[in-house]
Every structure is written in structure tokens, then in C-alpha cells.
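2 protein chains.
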Amino acid sequence: MHKPVTAEIISIGDELLYGQILDTNSKWLSEEMDKIGVRVTRKTTVGDDPQAMNRAYEAASREVDIVLMTGGLGPTKDDLTKHVLADFFNASIKLFPEALEDLRNFFESRGKELTPTNQSQANLPSNCTYIKNAVGTAPGMWFEENGVVWMSMPGVPHEMRYLMENAVIPKIKEKFKLPVIYHKLIKTIGIGESWLSDKISVWEEQLPSHIRLAYLPSLGEVKLRLTAFGESLQTLAEEVKEQTIKLEPLISEYIYGYDTDSIASSLGHELIQRKENLAIAESCTGGYLTHVVTSIPGSSNYYNGSIVPYHNDFKEQLLGVNPNTLSTKGAVSEETVIEMSKQVRLKFNATYGLATSGIAGPGGGTTEKPVGLVWIACHDGKNCRTRKLQLTKDRLINIQLTSTASLNLLRETILQNTK
Amino acid sequence: MHKPVTAEIISIGDELLYGQILDTNSKWLSEEMDKIGVRVTRKTTVGDDPQAMNRAYEAASREVDIVLMTGGLGPTKDDLTKHVLADFFNASIKLFPEALEDLRNFFESRGKELTPTNQSQANLPSNCTYIKNAVGTAPGMWFEENGVVWMSMPGVPHEMRYLMENAVIPKIKEKFKLPVIYHKLIKTIGIGESWLSDKISVWEEQLPSHIRLAYLPSLGEVKLRLTAFGESLQTLAEEVKEQTIKLEPLISEYIYGYDTDSIASSLGHELIQRKENLAIAESCTGGYLTHVVTSIPGSSNYYNGSIVPYHNDFKEQLLGVNPNTLSTKGAVSEETVIEMSKQVRLKFNATYGLATSGIAGPGGGTTEKPVGLVWIACHDGKNCRTRKLQLTKDRLINIQLTSTASLNLLRETILQNTK
Numbered sequence: 001m002h003k004p005v006t007a008e009i010i011s012i013g014d015e016l017l018y019g020q021i022l023d024t025n026s027k028w029l030s031e032e033m034d035k036i037g038v039r040v041t042r043k044t045t046v047g048d049d050p051q052a053m054n055r056a057y058e059a060a061s062r063e064v065d066i067v068l069m070t071g072g073l074g075p076t077k078d079d080l081t082k083h084v085l086a087d088f089f090n091a092s093i094k095l096f097p098e099a100l101e102d103l104r105n106f107f108e109s110r111g112k113e114l115t116p117t118n119q120s121q122a123n124l125p126s127n128c129t130y131i132k133n134a135v136g137t138a139p140g141m142w143f144e145e146n147g148v149v150w151m152s153m154p155g156v157p158h159e160m161r162y163l164m165e166n167a168v169i170p171k172i173k174e175k176f177k178l179p180v181i182y183h184k185l186i187k188t189i190g191i192g193e194s195w196l197s198d199k200i201s202v203w204e205e206q207l208p209s210h211i212r213l214a215y216l217p218s219l220g221e222v223k224l225r226l227t228a229f230g231e232s233l234q235t236l237a238e239e240v241k242e243q244t245i246k247l248e249p250l251i252s253e254y255i256y257g258y259d260t261d262s263i264a265s266s267l268g269h270e271l272i273q274r275k276e277n278l279a280i281a282e283s284c285t286g287g288y289l290t291h292v293v294t295s296i297p298g299s300s301n302y303y304n305g306s307i308v309p310y311h312n313d314f315k316e317q318l319l320g321v322n323p324n325t326l327s328t329k330g331a332v333s334e335e336t337v338i339e340m341s342k343q344v345r346l347k348f349n350a351t352y353g354l355a356t357s358g359i360a361g362p363g364g365g366t367t368e369k370p371v372g373l374v375w376i377a378c379h380d381g382k383n384c385r386t387r388k389l390q391l392t393k394d395r396l397i398n399i400q401l402t403s404t405a406s407l408n409l410l411r412e413t414i415l416q417n418t419k
Numbered sequence: 001m002h003k004p005v006t007a008e009i010i011s012i013g014d015e016l017l018y019g020q021i022l023d024t025n026s027k028w029l030s031e032e033m034d035k036i037g038v039r040v041t042r043k044t045t046v047g048d049d050p051q052a053m054n055r056a057y058e059a060a061s062r063e064v065d066i067v068l069m070t071g072g073l074g075p076t077k078d079d080l081t082k083h084v085l086a087d088f089f090n091a092s093i094k095l096f097p098e099a100l101e102d103l104r105n106f107f108e109s110r111g112k113e114l115t116p117t118n119q120s121q122a123n124l125p126s127n128c129t130y131i132k133n134a135v136g137t138a139p140g141m142w143f144e145e146n147g148v149v150w151m152s153m154p155g156v157p158h159e160m161r162y163l164m165e166n167a168v169i170p171k172i173k174e175k176f177k178l179p180v181i182y183h184k185l186i187k188t189i190g191i192g193e194s195w196l197s198d199k200i201s202v203w204e205e206q207l208p209s210h211i212r213l214a215y216l217p218s219l220g221e222v223k224l225r226l227t228a229f230g231e232s233l234q235t236l237a238e239e240v241k242e243q244t245i246k247l248e249p250l251i252s253e254y255i256y257g258y259d260t261d262s263i264a265s266s267l268g269h270e271l272i273q274r275k276e277n278l279a280i281a282e283s284c285t286g287g288y289l290t291h292v293v294t295s296i297p298g299s300s301n302y303y304n305g306s307i308v309p310y311h312n313d314f315k316e317q318l319l320g321v322n323p324n325t326l327s328t329k330g331a332v333s334e335e336t337v338i339e340m341s342k343q344v345r346l347k348f349n350a351t352y353g354l355a356t357s358g359i360a361g362p363g364g365g366t367t368e369k370p371v372g373l374v375w376i377a378c379h380d381g382k383n384c385r386t387r388k389l390q391l392t393k394d395r396l397i398n399i400q401l402t403s404t405a406s407l408n409l410l411r412e413t414i415l416q417n418t419k
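Chains A and B supply the protein sequences, listed in that same order.
With the first letter of the first sequence counted as 1, position 204 gets the number 204 in full-length UniProt numbering; the numbers rise by one all the way through.
With the first letter of the second sequence counted as 1, position 247 gets the number 247 in full-length UniProt numbering; the numbers rise by one all the way through.
Treat the hints with care, since some could be wrong.
No distinction is drawn between identical chains; accordingly, a pair holds when it is met within one copy or between any pair of copies.
Here are the simulated DSS-like pairs of lysine-lysine, each with C-alpha atoms no more than 25 Å apart in a straight line [as the list claims (entries may be wrong)]:
hint	residue 1	residue 2
1	Lys27	Lys223
2	Lys175	Lys3
3	Lys223	Lys112
4	Lys27	Lys342
5	Lys393	Lys171
6	Lys329	Lys223
7	Lys132	Lys393
8	Lys112	Lys388
9	Lys369	Lys382
10	Lys112	Lys369
11	Lys27	Lys382
12	Lys199	Lys112
13	Lys223	Lys199
14	Lys393	Lys369
15	Lys393	Lys112
16	Lys35	Lys246
17	Lys35	Lys94
These aren't lab readings, by the way, just hints derived from the structure by calculation.
This is chain A alone, in the form it adopts within the complex (with noise of 0.2 Å):
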């Protein structure tokens, strides 16, 4: 395996410091670089500082083949980049008639000026490759140094986007020999991380050194990531293939989907398949469950609808709750959701209806129902599967876990019938 092409991304901008911009740039930079076999080994992130802009760019030097940077390349006074570049390059700025040409045309097709401000904008360091930016005004700039390749670009997103679509990724295609990278998501619900990492250790201390395993553990889910380095894009595949195949067993009852499926889109799919439907009573999640299963695009196909009784009122009036299990059991109890689920399948004429009534909090507890106690039903007609969850203090937390546990019931519910 020959030596695989490292990259950094260096972002820059005070307002990344100051926590004012949440920076989605370097995560789109890394996907597309993992995506081509590029390993991206680290991200910094400077200010308009040239200090700390040229102390990025030195050792940024000496450890990859590949530095991509964004950010400061506006015309604004704070806009820094490409002095510190020349600097660093020992290069000096010139003006690039090609670069002047392309802002006038620029401007023009907008009816606009060209400002002297922005004419500045075509004076770069005079060792660079100048790269068109045809959505902005800011122009990419590819430098070769020392064996390294440089490429900095502004931090538009969309800007930044079209320079490294329309001619950096081409140009490292062109430029290395890029190793091969084949990843695998395989995703779990109901199971802790290290519940999972006991049960497939085993599984896990077999594996090949070229294929890696990572947990990627998040709200209710755990994720875990396959990722093999080798020279056949089919080969891999195979090998993660197989791989994949010896883990299945191990965890199944906990495989929810694979890649890119969220528990939402899982279940979407498989009640478009059954051609079943769903409906949602919602208590203490408050529309939560809801906007989960809506964010799906296409989730009107085995969606019906909702209902959110906020009070026991409505409970009854609304859901037809027995007014006789609410004043005996309470609102949060096993006996009003299974009511719920019931009821809300009903209404909404679903094959499934789901149910949640707890206390989210931070108020509302008592010593026999403590905030965060939750109970969720699942109704199918014939049977309905309940659980009792015990979550935590933190209000949108409890509403999140809920959601995901409620999703979870609705999928053990449809693997039940499936038996």
C-alpha cells in the first residue's frame, strides 16, 4: 500500500474564535476529501491574525501534502490571506490582468460597478496559479511549494463549494495517485455503546488491520463505522462485505439501517413496503416524535397525523381517554398510553398507533413519578407494547430519548408482526 496523500484545512476568521459562525465549511471539505482517498490528518482554525496564520501555515508544511484553506479572502480591510501567503512565500502581490478581466465581467453581468475596493481583488501573491471564481468575487489561488500544494479560497460557502467542484478536486485527482477508501455505516438503536462493544469483541479483535471499527455513539443510537484502506474500491467493498456479514448475527435484533438511514427513514421505508400506516399520540414529547417522523421527505405516504393533548382534557375529549383511567392512574401511567395508542390509531384509521406521556421536566416531578419518567406505547390493533423509560433531568433530552425510544418500540412492534 503505498503512502497515503494527507490533507489539513486551515479555516480563518476571528468570528470562528468568537463562536458567531458554526463552521460547516471543514466538515463538507472533509467529506469530499474522504470521499477521494485524501486522509485529512487535521483542521486548524485561526484568527485574522497573521501570527497565528503563518505559525498554521509552517506546520501545516511539514506534515501534509495537501493544505486547503478558507476564509479571509473578502474585500474587507480584516481580510488578511493573501499578504500573509506572499509573506510566507516570500512571493511578492501583482495584479493578474485575467483575474481584473473576469471582475469586470463579473460586475457588469450584474449591472454593477467594479469598485476600487474590489479591483484590489485581482492583485494575488505572484506565485500562484489564479483559479476563476465564477459565483463571487473572491478568487481561488493554487500555489505549489516545496512538493506541498496550497489552495486557498474564500469562506462563502457556496463560493468556496463551486471553486473545489469545478477545479481543486479535479486538479488533486490529476496531481496524486489517490489510495481507495471504502466506508460502511452500520447503525443500532436500544443498545449502549459498551452493552454493543461487549457483544461483538470478539468480532471486533479479528478484524483485518486495513479495516477499522468506530463507535459513533449519539442520543439513543450507536453507530458503528467500518472503514478499509486498500487498493480495490471492489475489493473492499467485498471485505467490509464479509466482515459485515460475521457482525450481523451478533447484534441483530439492534440493526436499524445502514449509511446514510436514519431510525425515521428505516421505518419509513418499511411501512411502505407493508403498506402501513402510523399515527401519533404525543404527551410529554410535544410534537417532538412528530417533526421526526415529517422530517422524511415522502413521510405523507405512511404518515397519517397527530394529535398533542397537552391537557387531560383533551385527552378525553379529543383522544377519547377514559376519564375513569386518568383520575385513578394519571396522565403518566402504562394504562393511559396504551388509551393513547389505542385511540389515536383510530382516529387517524392507522395500521400503528404510537403513544408518549411523561414527565419531561424540569418541574412536574414527584417522589412516585420523578422527572423523566416516561411511558410509551405502541398499538397495532390486536396487541399493544409498552415500555417505562427512566431519562434523565434535562427537559429537551428526555423529549429527545423518548422520541428515539418510541421509534424503537414502533420498529420491535413491525419485527414482531414480521415473525
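Take the given structure of chain A and dock chain B to it, following the hints.
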């Protein structure tokens, strides 16, 4: 003014370099440091690679006062941080009995068994101060070496935030003499950044140099942040107060709140004061608007409930929308949202009825009613205020923008009724 206290944020995890996870942690950490007057001078992201981690630690140790590290602390094999840190500090790994006790309690309270894998999470570098993580199993680790403070936290966002809020920020405030910074957020809705800027530019010009203004736009909202630097918090608070008093008349109709207010919390406060309440009928927002309202603790005091009739059948059957309106005007029409808001208000016996109907996308658009077309309505029993929105091609952004615009419509209705 004394030398600023500086910090570096080091994020650890292959998943960040591969672009599989968007790094929201470092943005949040940046904001928190900014609030307490610590200047973040660099952010570095490295993979699960001891050499790269070591290089990052070494670089940080030479340059900053505080190093905040996230990631690489779960119970599974790919989590190296604590071993690399121990090596870096020439420390050993030892059992912290207090950490083991906390782990045991954590698992016991959830009725789960403490596995050997989880037990090992109580083994920490011998030179660290153990920091209890009450919301997860990966402990926090605080180090002080050669005048630099190091804090290692898990990458799970809510665990990291818990540790920061409950331990790290108080300890940093105690250890360092931080400059005095006073922040004031003025929150606006229903006006874009450049229009806002035009309205307040004269006021902005006259701000004294020690008070800085930043525009923080998010979906459908713009926050104005005033940051004042000085010696006395009281003086700064008074000076900022003076400035906001001058600012408010310029944009009063767009200001909905201050500081930690959200549009939903601010409306909730208003509804409680007025002893009024709210019901919601959601079509295209599919539960999200309800979620935004119910994410506020205590929302059961003013929020009655919602119906999400995802199909026309249920708009008729459960919400009582006239079948003629649906067949002649369509579900996405002013007439339909008016009826939806009117009916849901009656069903839930509420002061206000809010309704949304639109084409969230990506599918379902026509030439006449393209993706992104949305109608919203707010009914107060006498009058109905409606608005037509033409949004984007992105489903999730359309859902969020519609929810924000709907809450703004409720705000305008309440304002109108107050006059």
C-alpha cells in the same frame, strides 16, 4: 488592561476528520469562553491518533493558558485520550475510587449492570483532578501543568456542556483574573440583517470604542450583541443600558426579547401575563412548531394542544375544515389555513389558533404552488391574520422558517390586540 487569558480548543475524533460529524461543540465552547472574557486563539481537530494528539498538546502547551479538549473518552477501544494524556504528562493510569463509586451509582440508578468495560472508565491519569459527569459515564479530567490548565471532556454535547457549566467555567473564573466583559443580546424577528443595519447605522457609528456590536443572524431572526470591555461590571451595564435605550425606538416593532429569551419563551411569558392560551394546527411544519412551543419549561400553562392532520381527510374529519374549501382552493391556500386556525382554536378552547400549510419539499411542488410556498394564519376569535411565505427548496429549512414566522405572526396578533 492586563494580558488576555487565552485558550485553545482541541477536538479529537476520526469522525470529525472524515466529516461524519458536524463539530458544534467547538462553536459552543468558543461562545462560552467569549462570554467570560477568555480569548480563544486557535481550534485544532485531530483524529484518534496518539502522534497527532501529542503534537497538538505540545503546540497548545507553548501558546495558551487553557486547553479545552473534547472527544475520545468513551468506554470503547478507539478512545485513547486518557492514555495519550498520561504519557504526555509522564503520569501513570490509576483507579480513582470516587470515579468508580460515581459510575456504580450511575448504573444502579438506571437499573443496569456495571460492565468491566464501563468500570475501566474509572481508571484515569494519576495527575488529574477527577471531575464528576452526572449525565454520562465518561469522567471529566482537569490538569494543571507548568502554568497551563487542561480540561478533557467527552465529545457527547450534553455531557460536555454539563461539565463546562457545572465545573469548568466556575474553576476557570476562580483560577484566572479575567477582564470584565458585559454582554447584552437584543433579539429581533421579522427583519433581515441588512435592513436592520440600515435602520441603526447612525446609532452604530456613535458607539464608544469599548462597546462592540455584532450581528448574529439565524433562521428568521437576527440577534444584536453588544459587548463592552472595561473595569467595572456596573459601569459597563449602565453604559450598555444607555445605548440600548437609544437603540430601541429605532427597531421597537422587531424586538421580541433580550439575552436568554427565545421567541417561544418570550411569547409564553406574554401569554401567562395575559392569562391567554394557544392551540396549533400544523400541516407542513409536521410537529416542529409544537415542539418549539413545548420545548419551553412550563409551556403547559399556556399551550393547550395540537392537531397535525397530514392528509386532507383528517383536515376535514378531525379539524372540521370545509371539504369545499379543500377541493376548490387546495390544502395550501389562505382559505384553508384560516379555517384550520379557526377550528383548532375552537377544538382546544384556546385564545389563539395558529395554523400552517405549505409545500415543504423536496417533492410535491407544481408550477402554481412551488416547493417553499407556505400559508400561515393566526386566529384570535374575532380576526385572522394570515401571511404567504415563499421559502427555499430545503425541507428542514422550510419547516424551521415557517415555525419562526408563525410565532412572529402570533406576536404581531398579540401586539395588535394590545394597542
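Inset, instruction - Provide an ascending list of the numbers of those earlier hints which the structure does not satisfy. - result: Hints 4, 6, 9, 11, 17 contradicted; others consistent.
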